[in-house]
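Residue numbers (the numbering used here), protein chains in the order written: chain Y, 1 to 322; chain X, 1 to 133.
Worth flagging that the hints you see were computed from the coordinates, not collected in a lab. Check each hint, because a few of them may be wrong.
[Said to hold, decoys possible] With a cut-off of at most 30 Å between alpha-carbon atoms, the simulated DSSO-like pairs for lysine-lysine come out as follows:
id	chain 1	residue 1	chain 2	residue 2
1	Y	K31	Y	K64
2	Y	K31	Y	K60
3	Y	K297	X	K126
4	X	K127	Y	K297
5	Y	K64	X	K51
6	X	K126	Y	K60
[Said to hold, decoys possible] The calculated label-pair distances, taken between Cβ atoms and stated as ranges, are:
id	chain 1	residue 1	chain 2	residue 2	range
7	Y	A178	X	L52	49 to 59 Å
8	Y	W181	X	G101	22 to 32 Å
9	Y	I192	X	S19	50 to 60 Å
[To be verified] Derived, one-sided and incomplete: chain X residues facing chain Y with beta-carbon distance under 10 Å:
id	residue
10	V20
11	F31
12	A33
13	V45
14	G58
15	G63
16	L79
17	F91
18	F97
19	Y102
Here a beta-carbon is modelled for each residue, glycine too, at the ideal position from N, C-alpha and C.
Here is what each chain is made of, one letter per residue.
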Amino acid sequence: MNDALDVALRLLVVFVVFLTFPLLVGQAEHKVMAHMQGRLGPMYAGGFHGWAQLVADGVKFAQKEDIVPAGADRRIFQLAPAVALLPYLMVLLVIPVGPGEGAVGEVVDAGIFFVLAVMGVSVLGSLMAGWASANKFSLLGGLRTAAQLLAYELPMLLTAASVAMAAGTVSLTGIVDAFEWWWLPWQIVGAIVFFVAGLAELQRPPFDMPVADSEIIFGAYTEYTGLRFALFLLAEYAGIVVLCGLTTVLFLGGWHGPWGADGLGWVWTLLKAAVLAFVVIWLRVTYPRLREDQLQKLAWTLLVPLSLAQIALTGIVKVVIA
Amino acid sequence: MPDVPEPTVVAADYFESYSVVGLLAVVGVLFVAVAFGAGRLLRPVVPTPEKLMTYECGVDPVGEGWAHTQVRYYVYAFLYVIFAVDSIFLFPWATVFAAPGYGAATLVEMFIFLGFLAVGLLYAYKKGVLTWT
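Excised from the complex, chain Y in its bound form (with noise of 0.2 Å):
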């Protein structure tokens, strides 16, 4: 019985992570975004300072009516949006946030493994979306979608296996565990080339070339309404916190720190894992889109030479110190 109640606890915390974190990334988007831009962003709901904006937002899409095109797919596109967000929520499952069985949903043999596969399903819905929408415009973007997760999907791939060589383990557990601080300058060019392909896979800015609002409107999402539209918008900020999470525990160490108190590990892990999703927001801000050859290019002409040089590196550091 124990263990029954032992598995729904973690099913818990992780299903409220998966909802209340994306948020908070949301609305430091919302406020940090505002700031660099010297606007104050949202100011009124719940009072102080615009807390409560997002779940404004959320209250406001459920009751919006929802349209599927007379000429939509009607099955596929409104399953779509499911399809693009429950992948993030398996894989926030296995990310540990602190050492032992305790901070992790469920230790998987094959971590790395399991959420490289599972995180690429994600692609799926916005394929789906694009699809069945019958616009030409959501076609492209679905389109353009695919090809860029084709592209970055790979130095993502071979990146996460320089972790795993360095390590030696394919258990994310195991890898944060085996981290020593030197990895750091070890596998930096991995971290860098791990973090920007996934950034590219959420069409985040600059790599929102699927969603170009002066091209294609808003991409494979632009007949959605109401709470499906949510939906989407909300895998948008769930992959942030994957993807964060992801990097903190591959390249970043995970729950080790300079300095601290044992038991305090989850919050080197947090604290890491937010000030990388204030990174992906101020890239944001920061860098114009690129275009869709200039997307291809830098994964195939520059990520994906500088993640085999990687894998190199640490093939030979590795049967050096062995």
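Following the hints, complete the assembly by docking chain X onto the known chain Y.
Leaving out everything else, chain X in the frame of chain Y:
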């Protein structure tokens, strides 16, 4: 290699951790179902022909949703399939390559592997598929 008896790993035990993954998937599906179901109760439903028309870019759409377009990305799809299938093999290898007794041999293997990938990429680059104007 010394004769160490391998600990018996029952497949059922190994996959046990995935049962929680499955449970979470159920939670997720329930969440979406409840959200959509509750949404149905909350929101108005007043369809009109104008509303149900494809929005597209705000102007009434011309022709069908299926437009002819040049899909340039298919080359990338090929490249991706080739590379990604290769890269997958890195993961099992990564867990053992530095084990005592392997050392230099696996390193040479790694460079051969990377060489294949690099040559493939170089070939695609020379062929001009990675640039378009």
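Hint by hint, here is what the structure shows:
1. Y:K31 / Y:K64: Status holds; Cα separation ~25 Å.
2. Y:K31 / Y:K60: Distance ~20 Å between K31 of chain Y and K60 of chain Y Cα, so the pair holds.
3. Y:K297 / X:K126: At roughly 13 Å apart (the allowed maximum being 30 Å), K126 of chain X and K297 of chain Y satisfy the hint.
4. X:K127 / Y:K297: 14 Å, holds
5. Y:K64 / X:K51: Holds, because 13 Å separates the two Cα atoms, which is no more than 30 Å.
6. X:K126 / Y:K60: 52 Å, violated
7. Y:A178 / X:L52: 49 to 59 Å: 56 Å, holds
8. Y:W181 / X:G101: 22 to 32 Å: 29 Å, holds
9. Y:I192 / X:S19: 50 to 60 Å: 37 Å, violated
10. V20: 4 Å, holds
11. F31: Where the cut-off is 10 Å and the nearest Cβ of chain Y is about 7 Å from F31 of chain X, the hint holds.
12. A33: 9 Å, holds
13. V45: 7 Å, holds
14. G58: Where the cut-off is 10 Å and the nearest Cβ of chain Y is about 8 Å from G58 of chain X, the hint holds.
15. G63: G63 of chain X check passes; min Cβ-Cβ to chain Y is 8 Å, inside 10 Å.
16. L79: 7 Å, holds
17. F91: 6 Å, holds
18. F97: Since chain Y brings a Cβ to about 7 Å from F97 of chain X, closer than 10 Å, the hint holds.
19. Y102: 8 Å, holds
Of the hints listed earlier, those the structure fails to meet are numbers 6, 9, in rising order.
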